[in-house]
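> Using the sequences and the accompanying hints, generate a full structural model.
Number of protein chains: 2
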Amino acid sequence: MNEMIKLIHGDGGKHTKILIEQLFYKYFNNNILLQEQDSATFTAVQGKMAFTTDSFVVKPLFFSGGNIGKLAVCGTINDLAVSGAQPFYLSSSFIIEEGFSMQSLEEIVKSMGQTCLECGAKIVTGDTKVVEKGSVDGIFINTSGIGYIINGYEVKTIEEGDRIIITGGIGEHGTTIAVERYNLKVKGDYKSDCAPLFAFIEELKEQFPSIKIMRDATRGGLATVLHEFSSLCKLGIHLIEKEIPISESVKAINNLLGLDPLYMACEGRMVLVVKETEAEKVLDIIHSLDQGKGARIIGEFVKESNQNIFIENGFGGKRLLSPLEGSMLPRIC
Amino acid sequence: MNEMIKLIHGDGGKHTKILIEQLFYKYFNNNILLQEQDSATFTAVQGKMAFTTDSFVVKPLFFSGGNIGKLAVCGTINDLAVSGAQPFYLSSSFIIEEGFSMQSLEEIVKSMGQTCLECGAKIVTGDTKVVEKGSVDGIFINTSGIGYIINGYEVKTIEEGDRIIITGGIGEHGTTIAVERYNLKVKGDYKSDCAPLFAFIEELKEQFPSIKIMRDATRGGLATVLHEFSSLCKLGIHLIEKEIPISESVKAINNLLGLDPLYMACEGRMVLVVKETEAEKVLDIIHSLDQGKGARIIGEFVKESNQNIFIENGFGGKRLLSPLEGSMLPRIC
Numbered sequence: 001m002n003e004m005i006k007l008i009h010g011d012g013g014k015h016t017k018i019l020i021e022q023l024f025y026k027y028f029n030n031n032i033l034l035q036e037q038d039s040a041t042f043t044a045v046q047g048k049m050a051f052t053t054d055s056f057v058v059k060p061l062f063f064s065g066g067n068i069g070k071l072a073v074c075g076t077i078n079d080l081a082v083s084g085a086q087p088f089y090l091s092s093s094f095i096i097e098e099g100f101s102m103q104s105l106e107e108i109v110k111s112m113g114q115t116c117l118e119c120g121a122k123i124v125t126g127d128t129k130v131v132e133k134g135s136v137d138g139i140f141i142n143t144s145g146i147g148y149i150i151n152g153y154e155v156k157t158i159e160e161g162d163r164i165i166i167t168g169g170i171g172e173h174g175t176t177i178a179v180e181r182y183n184l185k186v187k188g189d190y191k192s193d194c195a196p197l198f199a200f201i202e203e204l205k206e207q208f209p210s211i212k213i214m215r216d217a218t219r220g221g222l223a224t225v226l227h228e229f230s231s232l233c234k235l236g237i238h239l240i241e242k243e244i245p246i247s248e249s250v251k252a253i254n255n256l257l258g259l260d261p262l263y264m265a266c267e268g269r270m271v272l273v274v275k276e277t278e279a280e281k282v283l284d285i286i287h288s289l290d291q292g293k294g295a296r297i298i299g300e301f302v303k304e305s306n307q308n309i310f311i312e313n314g315f316g317g318k319r320l321l322s323p324l325e326g327s328m329l330p331r332i333c
Numbered sequence: 334m335n336e337m338i339k340l341i342h343g344d345g346g347k348h349t350k351i352l353i354e355q356l357f358y359k360y361f362n363n364n365i366l367l368q369e370q371d372s373a374t375f376t377a378v379q380g381k382m383a384f385t386t387d388s389f390v391v392k393p394l395f396f397s398g399g400n401i402g403k404l405a406v407c408g409t410i411n412d413l414a415v416s417g418a419q420p421f422y423l424s425s426s427f428i429i430e431e432g433f434s435m436q437s438l439e440e441i442v443k444s445m446g447q448t449c450l451e452c453g454a455k456i457v458t459g460d461t462k463v464v465e466k467g468s469v470d471g472i473f474i475n476t477s478g479i480g481y482i483i484n485g486y487e488v489k490t491i492e493e494g495d496r497i498i499i500t501g502g503i504g505e506h507g508t509t510i511a512v513e514r515y516n517l518k519v520k521g522d523y524k525s526d527c528a529p530l531f532a533f534i535e536e537l538k539e540q541f542p543s544i545k546i547m548r549d550a551t552r553g554g555l556a557t558v559l560h561e562f563s564s565l566c567k568l569g570i571h572l573i574e575k576e577i578p579i580s581e582s583v584k585a586i587n588n589l590l591g592l593d594p595l596y597m598a599c600e601g602r603m604v605l606v607v608k609e610t611e612a613e614k615v616l617d618i619i620h621s622l623d624q625g626k627g628a629r630i631i632g633e634f635v636k637e638s639n640q641n642i643f644i645e646n647g648f649g650g651k652r653l654l655s656p657l658e659g660s661m662l663p664r665i666c
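Keeping their order, the protein sequence lines are chains A and B.
In this text, residue positions in the first sequence follow the numbering used here: the first is 1, and each later residue adds one.
In this text, residue positions in the second sequence follow the numbering used here: the first is 334, and each later residue adds one.
If you are wondering where the hints come from, they were derived from the structure by calculation, not from laboratory data.
Check before you lean on any hint, since a few could be wrong.
In silico lysine-lysine, DSS-like type, Cα no more than 27 Å apart, as pairs [to be verified]: (1) B/Lys-584 to A/Lys-14; (2) A/Lys-48 to B/Lys-381; (3) B/Lys-347 to A/Lys-318.
Derived Cβ-Cβ restraints for the label pairs, each shown as a range [claimed, not checked]: (4) A/Asn-2 to B/Glu-487: 42 to 50 Å; (5) A/Gln-35 to B/Lys-538: 19 to 27 Å; (6) A/Ser-101 to B/Thr-490: 38 to 46 Å.
These numbers were taken from a predicted model, which means no experiment stands behind them.
Quick reminder that beta carbons are idealized off the backbone N, C-alpha and C, glycines included.
Here it is, written out as structure tokens:
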């Protein structure tokens, strides 16, 4: 199959219709999408909703552990999940370069459909644009999503002593993208951690009163999320280096590249701030899920006049974790 | 001000934050957006909701009557409006080329904010990606939107005799884009009809029981919308050529270019199918709005074995309106 995307696939006429019916409906099959109207319509129930959007421009499009399609669905599902919301409805909008391989498009769309299925989310509305060769680098995908907030979750004020939990090894997505984009000749067992985080939310919903805030550590990595938290609550952070889960491969590759995994993107890791007294209990629940086996309590919030983040190494030494100044690596998501 | 967008504006760190706070918050100022969470959250009320998405890749980015920002907001508001929904919350997601002018970005964002204000819609969540020079043609924008369907509007079965109304002159957006993209040396008073259509919906809500279906005539123009309707209801259509509103400029320019305005995109025109007995009443209401002064009843649905669309000219002759086969003009929206 050497078929390629042509400009007419984006003209809104006959060929767009064929693409939608033969490809998108095949993998995004649900009653709302099949209404074929300008908007998807559905009955809303009273409650608190969450709404989010992300555009994905990752390079390369296919990488160990995923592709731009899986990433686009995980990204939006995860933004809903860390808001305490169950993902319900997603939109997907494609901007495709003329000449793009139909087979690659199918692989991407298939991953999107599968990832939605894992979480019970549905792609209910979409859009396809095709632009001339050279006007976009392959394919860019936007997903937006809406969900219902469960068990009345809300962000709460972070206080001194609150513990920080990360659900697994950091920097795996960013490191994979770096290695594969630049065809670096490194050995090691690396792959993107790209995954939907909704399962955690479902398991943790009874603990919501003890959870202050949750966030997925994407662009800018764990360090950037921690700086956001610290600037929200005007407290400092004390991290214990040996508790931060980093795989040997990620460590070795970043060492080689002179990069710091603390700033490297994750696409399937969540950072939670939890009341000190409940932190172990929350950690146990996270450990009960396959996806959370590598979770750790990595530090706590402390009174610190300059809202600094310190990392304590094994010998009691401390170093300062500064905010990300320039991009480590563009187009990681 | 010669400032330009840099890759670091998209890295999710400090510079992204500055861009968001200094530019986006300036024009998209509302309480939900200012929560600064991964998702916007708000209370949903029981009712039927509509959800839609569109990516905008129009070229040129600025044109008579609008720019990509105004178009991006109108496009999504109009998809909601023709679903009978009042637009509530929009997302906006930018993919920007490194080196893009900050001044142009500000002009685009400003138009988005203004167009939202006209309809009472709010941009409550967003995303910004910056890609290397040459990886995207200037700027692409995705907007998604959610709204509440008013007065229980729903699409109804089109029947023989139902009348077709268009709310104003056709082909004005597509024609403007063609002339300005190719710097054609044509005279004439043309400009894009790009505008939000929600005002019609509000005025027409009491007439919803007589309105069978509504659609905005974007990609593929009036002809494409009529073909979609005809294939939905398995009826033919009889159009009266002299009733189809086309400005003299649009006629002349399309004549010169060898293009057919029936297939040229509108971005502020709605096509309505209305019960025969109520068509004049609906037309009067549309005429009562400035935006609807040029509205006309242009034809009706007829029993026709091949679901053909015929246009009758002033001399009683008929010609067949075929479905759009190839793109007239890519990147009109």
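> Hints first: check each against the structure and report whether it holds.
Right, here's what the structure says about each hint:
{"no.": "1", "hint": "B/Lys-584 to A/Lys-14", "result": "holds, 25 Å"}
{"no.": "2", "hint": "A/Lys-48 to B/Lys-381", "result": "holds, 15 Å"}
{"no.": "3", "hint": "B/Lys-347 to A/Lys-318", "result": "holds, 24 Å"}
{"no.": "4", "hint": "A/Asn-2 to B/Glu-487: 42 to 50 Å", "result": "holds, 44 Å"}
{"no.": "5", "hint": "A/Gln-35 to B/Lys-538: 19 to 27 Å", "result": "holds, 21 Å"}
{"no.": "6", "hint": "A/Ser-101 to B/Thr-490: 38 to 46 Å", "result": "holds, 41 Å"}
Consistency note: the structure conflicts with none of the earlier hints.
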